[in-house]
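Enquirer: Listed below, chain by chain, are the residues.
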Amino acid sequence: MMTCRELVEFLMLYLDGELPLDQRARFDDHLTVCHACVIYMNTYIETVRMGKAACAPLDEPVPDEVPEELVRAILAARDGGVN
Amino acid sequence: MIAISFLPGPRHRATLSAMSLPPHPSPPSADPQEAALLVGLRAGDETAFATMVRTYGGRLLATAQRILGSEDDARDAVQDAFLSAFRSIDRFAGGAKLSTWLHQIVINASLMKLRTRRRHPEEPIEPLLPLFAEDGHHAVSSAGWGEGADDVVARGETRAMVREAIQRLPETYRTVLVLRDIEEVDTTETARLLGVTTNVVKTRLHRARQALKTLLDERFREARR
Numbered sequence: 001m002m003t004c005r006e007l008v009e010f011l012m013l014y015l016d017g018e019l020p021l022d023q024r025a026r027f028d029d030h031l032t033v034c035h036a037c038v039i040y041m042n043t044y045i046e047t048v049r050m051g052k053a054a055c056a057p058l059d060e061p062v063p064d065e066v067p068e069e070l071v072r073a074i075l076a077a078r079d080g081g082v083n
Numbered sequence: 001m002i003a004i005s006f007l008p009g010p011r012h013r014a015t016l017s018a019m020s021l022p023p024h025p026s027p028p029s030a031d032p033q034e035a036a037l038l039v040g041l042r043a044g045d046e047t048a049f050a051t052m053v054r055t056y057g058g059r060l061l062a063t064a065q066r067i068l069g070s071e072d073d074a075r076d077a078v079q080d081a082f083l084s085a086f087r088s089i090d091r092f093a094g095g096a097k098l099s100t101w102l103h104q105i106v107i108n109a110s111l112m113k114l115r116t117r118r119r120h121p122e123e124p125i126e127p128l129l130p131l132f133a134e135d136g137h138h139a140v141s142s143a144g145w146g147e148g149a150d151d152v153v154a155r156g157e158t159r160a161m162v163r164e165a166i167q168r169l170p171e172t173y174r175t176v177l178v179l180r181d182i183e184e185v186d187t188t189e190t191a192r193l194l195g196v197t198t199n200v201v202k203t204r205l206h207r208a209r210q211a212l213k214t215l216l217d218e219r220f221r222e223a224r225r
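If you read the protein sequences in the order shown, they are chains A and B.
With our numbering, letter number 70 in the first sequence gets 70, and the count goes up by one each step, no holes.
With our numbering, letter number 67 in the second sequence gets 67, and the count goes up by one each step, no holes.
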């Protein structure tokens, strides 16, 4: 039987569909009997989703604000390089 | 069978270096506004450059901040990126969107900044990885989070909390997590950008996600008290 440590070690490969079939079957067997690993896997998936969601712009398609002083600094640097 | 298709496909497959784009005439952009902007940029029009900075600067700044953490460094990287884009605009391949091209350039500029700034000793990631008993079982069982991520993240304070947790990751791991999971750069390109193997990228990404999960576990536990 696969241990929890092994399951966690190979979790990303499992989720990406990169585990060989025999290992995948052992993985599935473990998940049917180990509630702690089911919770671990679900919160791992939630972690990835939350990371994406927290960094996604809320106000599509309006662009995020760019500070005006940064705009001026970039334009000045560009003029300095051109002149 | 458990659903595995929770990760979107890579969005940015093109090389990230503006300087490596081959010079060739671009076909007209499908977006009339972008096409007009490109004409202005190629003619060296100052107004077009200002429009490009104002239109795309906010998104680029957000990307640079995620990679660099520091706002000052992120501003420097965005400035470098726009100047690089302006110098290379004749080599912009019109098959891509301007926003995608600029996104690739700012990632490059941010990674350059990361390499050149003074490196402090990095916190180890091991304390944020899961603990196991000698028999290989979980030493500590984590509780489920209860609500769906989308519901929770919709709250502004939770978005801020997740972003702050990402910034707490050791830099080596944060960089890979941001490139792969947030900016959606594929594994091969991430490896090329960082000068490591694809296996190293995969290992760091998995560890970064585990560490982020530990940090979010703590926050959700605190929130339930």
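Hints may be right or wrong, so weigh each one.
What the hints assert, rightly or not - Below are the EDC-like pairs computed for lysine to aspartate or glutamate, each with C-alpha atoms no more than 16 Å apart in a straight line:
| no. | chain 1 | residue 1 | chain 2 | residue 2 |
| --- | --- | --- | --- | --- |
| 1 | B | Lys97 | B | Glu34 |
| 2 | B | Lys202 | B | Glu157 |
| 3 | B | Lys113 | B | Glu171 |
| 4 | B | Lys202 | B | Asp186 |
| 5 | B | Lys113 | B | Asp76 |
| 6 | B | Lys202 | B | Glu164 |
| 7 | B | Lys113 | B | Glu164 |
| 8 | A | Lys52 | B | Glu184 |
| 9 | B | Lys202 | A | Asp16 |
| 10 | B | Lys202 | B | Glu222 |
| 11 | B | Lys202 | A | Glu9 |
| 12 | A | Lys52 | B | Asp72 |
| 13 | B | Lys113 | B | Asp72 |
| 14 | B | Lys202 | A | Asp79 |
| 15 | A | Lys52 | B | Asp186 |
| 16 | B | Lys97 | B | Asp31 |
Stated by the list, open to error - Simulated DEER-style distance windows between Cβ atoms:
| no. | chain 1 | residue 1 | chain 2 | residue 2 | range |
| --- | --- | --- | --- | --- | --- |
| 17 | A | Gln23 | B | Gly195 | 45 to 55 Å |
| 18 | A | Glu69 | B | Asp45 | 21 to 31 Å |
| 19 | B | Asp45 | A | Gln23 | 57 to 67 Å |
If you're looking for bench data, these hints aren't it; they were derived computationally from the structure.
We put the CB at the ideal spot given by N, CA and C, even for glycine.
Enquirer: Work down the list of hints and note, for each, if the structure agrees.
Expert: Right, here's what the structure says about each hint:
no. : hint                            : in the structure
1   : B/Lys97 to B/Glu34              : holds, 9 Å
2   : B/Lys202 to B/Glu157            : violated, 30 Å
3   : B/Lys113 to B/Glu171            : holds, 13 Å
4   : B/Lys202 to B/Asp186            : holds, 11 Å
5   : B/Lys113 to B/Asp76             : holds, 8 Å
6   : B/Lys202 to B/Glu164            : violated, 23 Å
7   : B/Lys113 to B/Glu164            : violated, 21 Å
8   : A/Lys52 to B/Glu184             : holds, 10 Å
9   : B/Lys202 to A/Asp16             : holds, 11 Å
10  : B/Lys202 to B/Glu222            : violated, 30 Å
11  : B/Lys202 to A/Glu9              : holds, 11 Å
12  : A/Lys52 to B/Asp72              : violated, 23 Å
13  : B/Lys113 to B/Asp72             : holds, 11 Å
14  : B/Lys202 to A/Asp79             : violated, 42 Å
15  : A/Lys52 to B/Asp186             : holds, 15 Å
16  : B/Lys97 to B/Asp31              : holds, 9 Å
17  : A/Gln23 to B/Gly195: 45 to 55 Å : violated, 30 Å
18  : A/Glu69 to B/Asp45: 21 to 31 Å  : holds, 23 Å
19  : B/Asp45 to A/Gln23: 57 to 67 Å  : holds, 58 Å
Consistency note: the structure conflicts with the earlier hints numbered 2, 6, 7, 10, 12, 14, 17.
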